[in-house]
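Asks: Spelled out from the first residue to the last, the chains are:
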Amino acid sequence: MAKFQGAITVDNERCKGCELCVSTCDKHVIGMSQAVNSKGYHYAYMEKPEACIGCTNCGVICPDGVISVYRVKVEE
Amino acid sequence: MEAKDIIKPENLVYQKSRLMREKTFNFCPGCGHGVVVRTIAEVIEEMGIEHDVIGISPVGCSVFLYDFYNFDVVEAAHGRACAVATGIKRVQPSKYVFTYQGDGDLAAIGTAETMHTCNRGENIVIVFINNGIYGMTGGQMAPTTLEGMKTTTCPRGRDVKTMGYPLNITPLLAQLPGVCYVTRHSVHTPGNVRKLKKALRTAFENQRDKKGTSIVEVVSNCNSGWGMTPKQANEWMVENMFKKYPLGDMKVDGKIVMDMNAPR
Amino acid sequence: MEEERELRLMKGNDAIAEAAIRAGFDAFYGYPITPQTEVMEYLMETDATARTGMAVLQAESEVSAINMVYGGASTGHRVMTSSSSPGISLMAEGISYIAGAELPCLLINVSRGGPGLGTIQPSQADYFQTVKGGGHGDYKLLTLAPSSVQELTDFIPLGIDLAFKYRNPTMILADGALGQMMEKVALAPQRPRLADYPDWATNGTPRGKERRYITSLNLLPKEHELVNIRLQAKYREMEKNEVRYQEFMCDDAEYVIVAFGIIARIAQKAIEIAREKGHKIGLFRPISLYPFPMDQIKALAENPRIKGFLSVELSAGQMIEDIRLAVEGRKPVGFFGRQGGMVPTPGEVEEALYKQFNIK
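Protein chains in written order, with the working numbering: chain Z, 1 to 76; chain F, 1001 to 1264; chain G, 2001 to 2360.
Just so you know, not all the hints are guaranteed correct.
To be verified - Derived DSSO-like pairs: lysine-lysine, alpha-carbon spacing no greater than 30 Å straight-line: (1) 3(Z) / 1016(F); (2) 1004(F) / 39(Z); (3) 3(Z) / 1095(F); (4) 1095(F) / 2165(G); (5) 48(Z) / 1008(F).
As the list claims (entries may be wrong) - Cβ pair distances, simulated, as ranges: (6) 1240(F) / 38(Z): 33 to 39 Å; (7) 1240(F) / 2210(G): 50 to 56 Å; (8) 3(Z) / 2222(G): 40 to 46 Å; (9) 37(Z) / 1137(F): 25 to 31 Å; (10) 2218(G) / 38(Z): 44 to 50 Å; (11) 2210(G) / 37(Z): 44 to 50 Å.
These aren't lab readings, by the way, just hints derived from the structure by calculation.
What you are looking at is a predicted structure, and each value in this text was computed from that prediction instead of being measured.
Cβ coordinates follow ideal geometry from the N, Cα and C atoms, glycine included.
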């Protein structure tokens, strides 16, 4: 059965650190950075990139639309 | 595979709609407004109507709506969005017109405009964000504020005896013959956002097919006004707001489909 | 070729409606209020929509009606409303927004006696409300004051064209008498409705073009002051180009009555009677109440032959303040007025003049 692997990009400067993507991702891929952006917000990043399957839930839920999602099919 | 190999244009499966301008939202972190504003853009992009749509922005947290979209938007005075929409629709009946309004804008100062626009069955889409508070002005009581809920103008909790009851307006509007579609959604989970998107699509298609007024209500959070983190606010919303404002379709194609007399 | 005009005997309110249709309006959004309800009734009765496709809609309130006008105006169409004093008060917020968002539209106030519910008889007590403000913020309404049913109809195409020229509302300040009286009127022929709209109009972003937006909001003080400076520059332009007035027998006058609207006609009659008795009285009639004919009245005041002015109004005295500003103390400026809907006779005006300047 084909498996998917995904990845996300986050517009660090525009992320407001609301963490909704963190709790939405049921693969627990996303964490909050230690660093802060120019507004002083910690921003989301792929803490466990290998677990991402590119399901787009984080992108959909992000109020500010700062997450883009990529996905590739990988053969078993 | 390394993430950097995956992140390639041909592998892109989701990103912000191109109808969104490069403008940072003024909404607080985690606010539902942002998701609704973006979802509308996705629907308009997918329907290919960006050159024939006119949005009406209200006064409230979404007052800067006209700055977020790559299509024409008209700013209305507080409460008057439905009248402005009517004024546009009557001279440009072939264009898509939608209003975007908060609970104060639609159900307090704008009640008469909302009621009569629906009563005329004006062929527009009304997007109504119900977060039970006045956000922009700093957290005052709104018509939809729940009994006992604390705000800056009912700091000891809303006392229905002196401040009136939470106003569940969409079931009232559903009674009006001119209204063809009334549905209530939320954006606190991806699943619900996708359902909202389908509902918005239906609403705009109703307008295309001249079926009368479509109202899409979104029960949403207000993190700063409620004094909670976004995650807590969503949990509190499910626990409290959904009891008073249950999600689901109320009227579809002119037929009532929800038992609105069920005790709340 | 002189345009072909149709002669009719018409009530003022009906003439407003007929003129609006013929001026190629796209929409009328109104609400019933005496003494001008016939405007909307006529538009419905004659089925303006069938005649030109013009939208005619009765709103649930004047607050809603003026915001419908705001919506229609934002699409660059010719839109208008008409109402009367209390209704215009309800529209004040919307009018301020229309001026702030720089939108063109036509407003008509068939004034009635105030304050409050007042009366339904004629009045000019909305002068201040119209030319000094009405709503919040620094804005002006280009205001035309007809004194006949003919002018009432002629000012309708003129009013909307001026509104588009300056992207600002135009107000026609009429009164209950003009609205209700019947007079012969020569109606202009039908002109077509607009077929294309200005670039700023929000009709859906054209392909390959930047989106447009209509707003009166700007939270950045530096930017918002620039908006206000731009508005003020527009009003200076109006003051330069749009002053309209009429003089009657001022060439040899020793005293000048200043009056607008229906009262100007009564004053004119009083002058004719006084002239028969050898008194050299003239009439200065402002037609544009904003921009007010300051320079012209100042010129009269500087004329050594002219000994004084009398402002005659259906109010407690409002235009008199602008007359005094123009005259700046050069000559005495007296006042005579009636309120409550009482309209003076020519004889009363004549007596008031003699008393004011103790002419025997």
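Asks: If a hint holds in the structure, say so; if it does not, say that too.
Replies: These are the hints, each one checked on the structure:
1. 3(Z) / 1016(F): Satisfied, since the Cα-Cα distance of roughly 25 Å is no more than 30 Å.
2. 1004(F) / 39(Z): holds (27 Å)
3. 3(Z) / 1095(F): Measuring from Cα to Cα gives roughly 44 Å; hence the hint is violated.
4. 1095(F) / 2165(G): holds (26 Å)
5. 48(Z) / 1008(F): Holds, at about 19 Å.
6. 1240(F) / 38(Z): 33 to 39 Å: Hint holds: Cβ distance 36 Å, inside 33 to 39 Å.
7. 1240(F) / 2210(G): 50 to 56 Å: violated (43 Å)
8. 3(Z) / 2222(G): 40 to 46 Å: violated (56 Å)
9. 37(Z) / 1137(F): 25 to 31 Å: holds (28 Å)
10. 2218(G) / 38(Z): 44 to 50 Å: violated (25 Å)
11. 2210(G) / 37(Z): 44 to 50 Å: violated (29 Å)
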